[in-house]
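Engineer: Spelled out, the chains give:
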Amino acid sequence: MRFVDLNLRGAGQVMFMNNPVTGLLILAAICWGTIRADMPQVAIGAVVGLVVGTLAAMALHVHRDSLRQGMFGFSPLLTGAAVPTFLDHSAWMWAYLVIGAATTTVVTLAVSKVFTTWGVPALTFPFVLTSWLLMLGAYQLHKIRISTLAAPMLPQAIGTTSFDVSLTNLITAMLRGVSQVFLIGDWVSGLIILLALAVNSRWAAALAVAATVIATLLAIALGAPATSIDAGLYGFSAVLTAIALGCVFNNPHSRGLLYALLGTVFTVVIQAALNTALSPIGIPTFTAPFVFATWLFLLPKADLVPTPHHQPIADGIVAGHEA
Amino acid sequence: MRFVDLNLRGAGQVMFMNNPVTGLLILAAICWGTIRADMPQVAIGAVVGLVVGTLAAMALHVHRDSLRQGMFGFSPLLTGAAVPTFLDHSAWMWAYLVIGAATTTVVTLAVSKVFTTWGVPALTFPFVLTSWLLMLGAYQLHKIRISTLAAPMLPQAIGTTSFDVSLTNLITAMLRGVSQVFLIGDWVSGLIILLALAVNSRWAAALAVAATVIATLLAIALGAPATSIDAGLYGFSAVLTAIALGCVFNNPHSRGLLYALLGTVFTVVIQAALNTALSPIGIPTFTAPFVFATWLFLLPKADLVPTPHHQPIADGIVAGHEA
Amino acid sequence: MRFVDLNLRGAGQVMFMNNPVTGLLILAAICWGTIRADMPQVAIGAVVGLVVGTLAAMALHVHRDSLRQGMFGFSPLLTGAAVPTFLDHSAWMWAYLVIGAATTTVVTLAVSKVFTTWGVPALTFPFVLTSWLLMLGAYQLHKIRISTLAAPMLPQAIGTTSFDVSLTNLITAMLRGVSQVFLIGDWVSGLIILLALAVNSRWAAALAVAATVIATLLAIALGAPATSIDAGLYGFSAVLTAIALGCVFNNPHSRGLLYALLGTVFTVVIQAALNTALSPIGIPTFTAPFVFATWLFLLPKADLVPTPHHQPIADGIVAGHEA
Chain A
78 MRFVDLNLRG AGQVMFMNNP VTGLLILAAI CWGTIRADMP QVAIGAVVGL
128 VVGTLAAMAL HVHRDSLRQG MFGFSPLLTG AAVPTFLDHS AWMWAYLVIG
178 AATTTVVTLA VSKVFTTWGV PALTFPFVLT SWLLMLGAYQ LHKIRISTLA
228 APMLPQAIGT TSFDVSLTNL ITAMLRGVSQ VFLIGDWVSG LIILLALAVN
278 SRWAAALAVA ATVIATLLAI ALGAPATSID AGLYGFSAVL TAIALGCVFN
328 NPHSRGLLYA LLGTVFTVVI QAALNTALSP IGIPTFTAPF VFATWLFLLP
378 KADLVPTPHH QPIADGIVAG HEA
Chain B
78 MRFVDLNLRG AGQVMFMNNP VTGLLILAAI CWGTIRADMP QVAIGAVVGL
128 VVGTLAAMAL HVHRDSLRQG MFGFSPLLTG AAVPTFLDHS AWMWAYLVIG
178 AATTTVVTLA VSKVFTTWGV PALTFPFVLT SWLLMLGAYQ LHKIRISTLA
228 APMLPQAIGT TSFDVSLTNL ITAMLRGVSQ VFLIGDWVSG LIILLALAVN
278 SRWAAALAVA ATVIATLLAI ALGAPATSID AGLYGFSAVL TAIALGCVFN
328 NPHSRGLLYA LLGTVFTVVI QAALNTALSP IGIPTFTAPF VFATWLFLLP
378 KADLVPTPHH QPIADGIVAG HEA
Chain C
78 MRFVDLNLRG AGQVMFMNNP VTGLLILAAI CWGTIRADMP QVAIGAVVGL
128 VVGTLAAMAL HVHRDSLRQG MFGFSPLLTG AAVPTFLDHS AWMWAYLVIG
178 AATTTVVTLA VSKVFTTWGV PALTFPFVLT SWLLMLGAYQ LHKIRISTLA
228 APMLPQAIGT TSFDVSLTNL ITAMLRGVSQ VFLIGDWVSG LIILLALAVN
278 SRWAAALAVA ATVIATLLAI ALGAPATSID AGLYGFSAVL TAIALGCVFN
328 NPHSRGLLYA LLGTVFTVVI QAALNTALSP IGIPTFTAPF VFATWLFLLP
378 KADLVPTPHH QPIADGIVAG HEA
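Residue numbers (my numbering), protein chains in the order written: chain A, 78 to 400; chain B, 78 to 400; chain C, 78 to 400.
Quick caveat, the hints were computed from the structure, so don't treat them as lab data. Keep in mind that a hint or two might mislead.
Pairs count within a copy or across copies, as identical chains cannot be separated in the list.
Within a straight-line C-alpha distance of at most 20 Å, the following computed DMTMM-like cross-link-like pairs (lysine to aspartate or glutamate) qualify [stated by the list, open to error]: (1) Lys-378 / Asp-165; (2) Lys-220 / Asp-241; (3) Lys-220 / Asp-165.
Bear in mind the structure is a predicted one, so any value in this text is a computation, not a measurement.
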């Protein structure tokens, strides 16, 4: 029972929510989106990743409180979702996923150890790093087939691109911006995830909405590729940055929110930049734009912060705020 | 008045000179070079970057002494110069520049926080990192048009290339090596910058001359592309490395100078290396060769140094030496 | 005499063996392999690199005990072997090699300074970083000619590839996996290196054998390119990871060995991943897969370890275990 609870919290912690109900709703959103896209293996992969990562953490005798709060579930969950999203279904793929999920837990400990030096959490970087390696490796391994990774190409300055700005298009794109946190482009899933946030923190839900609105409009204004905007690919990292800077590691208040706004806007720039930088090696950014922006904006420990919600915990694993 | 003073010091700090007269002469060199090249927007961008970066630092309540010494001006100045050098003039470009300059200040705090762990300064890396992201982002954003970035291409071993070794060619190439610190290829600007250095530190001026001579001759000897040598692109990072290692973070003396020589020579190798490494993603090295070489040669804290000029200051922002 | 001893220990330390006899046997293996491949300049380069690097360390007054244990010899030795392996023989190449070897020592101090923060050694990363820069630089320098670097290309998912699984093929590929630690593809050299290990530590020899067997079989199972497997290119990093995790930084025992097994398996994934990631810039991975895997698996300081063999030494240079 406790094992189920900490796994559900793990699902919630992808969005900094230490709350099993939030986690359950997020898993529901993942199931909905992957079934609608006819890719149920992604939902299964996410759950397998979550459980394997958590078990690996137990085997490594990690810090108990961090484990209970789900801090070892969220990155492996994402690794587990990424593998069947981009690689072909096969027995070897599942073995690859299990090894990747267990390694994500090791990487979580490693990255946390490094960043605790500066009082900054690992965020989802363990997922990003491990999954980048798994994707890059697949190019060299015939038994691990690539399904949907974009073919490696040299970047080119893009031409005009017109996003069809109707209210429906805008709203669905913005909601897909929320669901893409979990590699899902489905507006209903986005709605369920907003609900999952609201259950635990209305600030988090409000910041998520604000961030996806701002990021989507900014991407349209700057002329980012319409298909990417429509798929929500300019929203998800901004959503995570806004929650992290706006209400998780700072208390929400006027100067802090202005700072979070700059961080959210720059996340859009980093999203575009990493799309370019990773283009020759054919891998997606995952949540790296969020991770890099949030690190850059958390490290200064700018004097904006009355009291942080988060309590640092042993070994650099930073705890989410309690439900 | 104090605001003007600290901005002028900010301009001087690009070359480690905490001196408003040096800063003024450097701004004059930038104006001369950009007007001669018919690109006045670059000088305007540099000043806007300097002022925006400094204002952002004030808004973030940074350490007062660091601010007064111009430690928050130099990286945003360079970001402000880089954007209109490589991107097309437009209203969106100016918005991009302002966001970039403000973010450069945040990144300065972040990078300084990390590197203070090892007693090493951020140098111009906040400029390099932020500007790389801005350039890479431009490829995906139709409203931010690329003007002069080299097209992304796979590296190829270069063929013979003949630099026309006349005394005039050599001297102008070497002086352009100095001016390229500010992304300007103009030998008169190079001369003014040497004067600006001499006003504050004859050692710095002498090391700058020595470095651009050594780097240019070495690049010719090793057969680097003649057009790059001629434009001063093999000189500027070496100039900064030599000043940093030779007289800023060490006192100039025999063993230290030998060490600085190795660092300067290896800066030429890193310059060539990064030209290759960045070729597939179509962005310039900026001052990264200087930053990486200087970090590698400062980190050992080799036992070469009687007394460093520099006083470390709170938050890892290292102060320049006083005028 | 002491100078010879510490250079021999330096050769042994490539594989963590602080033992002059091991070093001597390793040099013999290098000589055998390079003469058989008609590339004696590689053996000469290795010795020049070893001596130059050690002399540079002396000139920089590094920590005496670390110097005596050969901790400043192994990375420059590898740099000295890499340069004539991939670049054409010429006077400039030898100057390049000497500068590279001396710089490798500076980089060893720099990287050690950084990683000592987390109680983790620099491993062979100083070699990897310096040699990557030297290789990348060569593309821009006409006088430093590239001989055997793979041409830069965009990665492509590989097709079927069939490794001819006979016992002879398997065993020679596995032994070449051991010799490739020194950039040599020669099964006899591999045998001599295993002997060199056994002289100092039977655990190290046993783990090397286990690792090259596991890595080779796994690479075959996953469908990695047959020519790479045959050349031993999937074995060498795994060998180093297994020794490092299995018996150098942990005592060999059941849970630790299971952890080392996961690290070794993931080294194969990182090897494939870096082959892809470096493909557009045309440089080899060197021992980076070992370095990255070992860092990721050492940083957690997982609670697996009764007593580590290694004593940390001043300045972050971690000593090898005594013969």
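Engineer: Does each hint fit the structure? Answer for all of them.
Structural biologist: Hints, verified against the model:
With identical chains, the CA atoms of Lys-378 and Asp-165 are never at most 20 Å apart, being 43 Å at best within one copy and 35 Å at best between copies. Taking identical chains as interchangeable, the C-alpha atoms of Lys-220 and Asp-241 lie at most 20 Å apart only when they sit on different chains, with a minimum of 17 Å there against 41 Å within one chain. In this assembly of identical chains, Lys-220 and Asp-165 lie within 20 Å of each other by CA distance solely inside one copy; the values are 9 Å within and 37 Å between copies.
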